[in-house]
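There are 2 protein chains.
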Amino acid sequence: MSSADFATDVTKRPQQEVAMPLIASNIKFTQATNPRKVPQVDSNEIWAQNVSSDHMLTCQWTTERGWDTPEIKPVADLNISPLASCLHYATQCFEGMKVYRGFDGKIRLFRPELNAKRLAMSAKCVSLPQFDADELVKLIMALVQIESPKWLQKPGSFLYIRPALIGNDAQLGVRVPKKATLFILLMCWPDFSKSNLRLLTSRGDATRAWPGGFGYAKVGANYGPSFVLHDEAVQAGYDQVLWLFGPEGQVTEAGASNFFAVIRSRETGRHQLLTAPLDEKIILDGVTRRSVIELVKANLANELEVVESSFTMSDLQVAWEEGRFLEAFVSGTAWQQFDITTKTSICRRTMIQ
Amino acid sequence: MSSADFATDVTKRPQQEVAMPLIASNIKFTQATNPRKVPQVDSNEIWAQNVSSDHMLTCQWTTERGWDTPEIKPVADLNISPLASCLHYATQCFEGMKVYRGFDGKIRLFRPELNAKRLAMSAKCVSLPQFDADELVKLIMALVQIESPKWLQKPGSFLYIRPALIGNDAQLGVRVPKKATLFILLMCWPDFSKSNLRLLTSRGDATRAWPGGFGYAKVGANYGPSFVLHDEAVQAGYDQVLWLFGPEGQVTEAGASNFFAVIRSRETGRHQLLTAPLDEKIILDGVTRRSVIELVKANLANELEVVESSFTMSDLQVAWEEGRFLEAFVSGTAWQQFDITTKTSICRRTMIQ
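Same order as they appear, the protein sequences are chains X and H. Everything in the first sequence is counted per our numbering, starting at 14 for the first residue and increasing by one. Everything in the second sequence is counted per our numbering, starting at 14 for the first residue and increasing by one.
To be clear, the hints were calculated from the coordinates, so they are not data collected in a lab. Treat the hints with care, since some could be wrong.
As the list claims (entries may be wrong) - Covered, in the sense of this in silico footprint (three residues per stretch, anywhere, with C-beta under 8 Å from a C-beta of chain X), are these stretches of chain H:
(1) 55–69
(2) 92–103
(3) 136–144
(4) 190–203
(5) 227–236
Just so it is clear, the structure is predicted and the values come from calculations on it, not from any experiment. We treat Cβ as the ideally placed atom computed from N, Cα and C, and that holds for glycine.
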C-alpha cells in the first residue's frame, strides 16, 4: 500500500466512525405504571412461559447512526412494520440464560459473557449488527438490577433472560437489514428439573442442521422448521426430539439442549462422556455443555474421559446391549437447574427410545 | 371401529368445529385517511422496495377460534408482543406474486392458486395454521380490487403481492404457536428485467438447503442465514448467489429464483433445458419454473428436451469448453417480467462465473 492509498484511507475513517458502538451508559429509564403480579412458583402462569417482568430493555440500531441510547421501559408490544425483515426473512437471533438469587441472597448470572459472545456470533450469521459483548452483559445487569428486588425475592429463585436481536428494515428487498432492534426480557420460567425428560429420535427423513448451514447459531431459523417434529414427539408423550444426522444416525443435539451419554469403553474399560463435536458446526456450542465438559476435565479426569466425537444411535444401542451404557442427560439453560452456590450441574436422566 | 366408538367420535366433532376456516366474505373495510403518493416508475422509491399501497389485508387466527373475520385497513405497523414466536423462532412464511394491468386494460393475477397452495404448504412446514387456498386467492383479489384503480393505472404496470403468515403467540416456549396473523401487502416493485443478472456460485463451505431440511418451502428460515453470502456477492459486483450443494457442486437455485441452463447434449446432439429436480426437496417449486417447463413441453418438445435432474457446475463448465453451453437464465416472480398478453416468458441471460 502506498502512502497515498493510506492517506485516502485515513480521510475515509471519520465517515465510518459516525456509527456508534453499543454503550451501556446513559440508559433511559421509564418506570412501569401498571406493575404486574409475580406469579406463584409452579403455577399455570409460570408454565405458560408468557409472564415477563415489568420492564424490558430495547436499543435501536441503524447502518448510518449505529447503536442508539439503550432504554429500559415497561414491557409492551413492539411496533413493527409489516415489511420488516425479521417477519419475512428470519433476520433474528436470540440468547437464553438465567439470573439466580443464591441461597446466600446474592444475585448471580452464569457466564453471561459466553451468551453475549454467542449472540454476536449468531447476529453475524444472519447479517445483524455487531456489538461489544461486555456492553451487552452490562445492559443485562442494568435490567436485572431494576427487576431483581421484586422478581427475584426468594433465595433459590431464578428468571430466564431472553436477549434478542431482530432486523426491522421496513423494506422487502432480499438484503442485509439497515435497521435492527435489540431487546432483553426477563421471564418467569418453569423449573423443568423436577420431571424426567424423554427424547424421541428424529425421523430418518428429517434433518435439523447441515454442515455449511447454521445449526451452530442461535438463530430463529433453527427453531420454527423443527416444531412439526417436536409436536409429533410431544403428542407421542415425549419432551424433545433427539436430532440425528445422516444415514448412520449420528447423534447431534436435542434442539433446545445438548446431549451427553456416559458409556464404558469396550476397548479400555474406562467410563466415557460422549457428546457431539463442534467442528462440523451443526450443533450449538452450549454454555452448559461447555461447563459440563470443563468441570469433568478439571475434576473427574481420572474417572471420566470426555470424548467430543461423532457417535451414532447404533453405537449407543450396542453399548446398551453389552451393558456398557450407563446414563444419558441433556444440558441447556432452559432445561436445567444449577446449584449456584457450588456451581455443580445437576442433570436429569434421560430415556432413549 | 365399533359403533360405540363412532358415536363418541361424532359427539366430539362439534367442539373441534368451533375453529372457523378462513373465509373470504364479510371482509371489514377501513378506508385510509392519509393516502400515499404513487411513486414514479423506476424512481428511487421504487428501487427501495419500501412503498406499499394504501391498504393491507390482515386476518387473525387462534387455535380455539380458528380464523377471524378478514380486515382491509390502512397499512400500519403491526403490534407484536416481544415474546412472539415469529420474532424468536422464525414461525413465518410468505409468498411472492404479481398483479398486472394488461395492455388490454384488464387486471390479471398469474396462477395465484399455485402461490396460495404453496403458502399453505410452507405454513405446514413451520407449524402455522392451514387454510383453503381458494379463499386466500379471493382475499388477494378483494385487496387488489380496492387498490388497482389508483395503484395500477397504466397498462403494463404491476404490483408485487406479498402474503405472509406469522406465529404471534405471546409466549417463549419452544412450541407450535397458538396464535397467528395472515397479512397481505401490495408493493410497488422495480422492473429487474432491464438489466443483466450476474450470479456468483456459493462458497464450498456454505449450504443453503439440504435433504430433510426446508429449502423447498418459502419460509423466512431460508433467507436470513443466506444474506451474508448474498451481500458478499453484491459487494463483488454480482446480483445473486447461485447456490451449489454437496462436494460435487450440484447446481440448485439462486435463492430468490430458480436456475435453468440450455446445453446441447453430447450424446444425442439435442438441445436440453436443464434445471434442478424437486424430489430432493432442496429447491423451491417455483411457479414461474413450473410454467417455463410446461410451456417448453407443450410448445417446444421437438426442439428442447426438459431435463429435471441433478447437474453440477463441472457439467456446465465441460459443456462450455466443448461449445455445448448455449444459455442460462433464472426464473422467479420478483426477478422476471411476463408479457401478459401472450403469456410467454421473457427471461434474462445470465453470466456464470
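Evaluated hints:
Chain X is given as covering the segment 55–69 of chain H, and this holds because 5 residues of the stretch bring a CB closer than 8 Å to a CB of that chain, at least three being needed. Coverage of the segment 92–103 of chain H by chain X holds [criterion: at least 3 residues with CB-CB distance below 8 Å; count 11]. For the segment 136–144 of chain H, the proposed coverage by chain X is satisfied: 4 residues have a C-beta within less than 8 Å of a C-beta in that chain, meeting the threshold of three. Residues of the segment 190–203 of chain H lying with their CB closer than 8 Å to a CB of chain X number 3, which satisfies the three-residue condition for coverage.
Coverage of the segment 227–236 of chain H by chain X holds [criterion: at least 3 residues with CB-CB distance below 8 Å; count 7].
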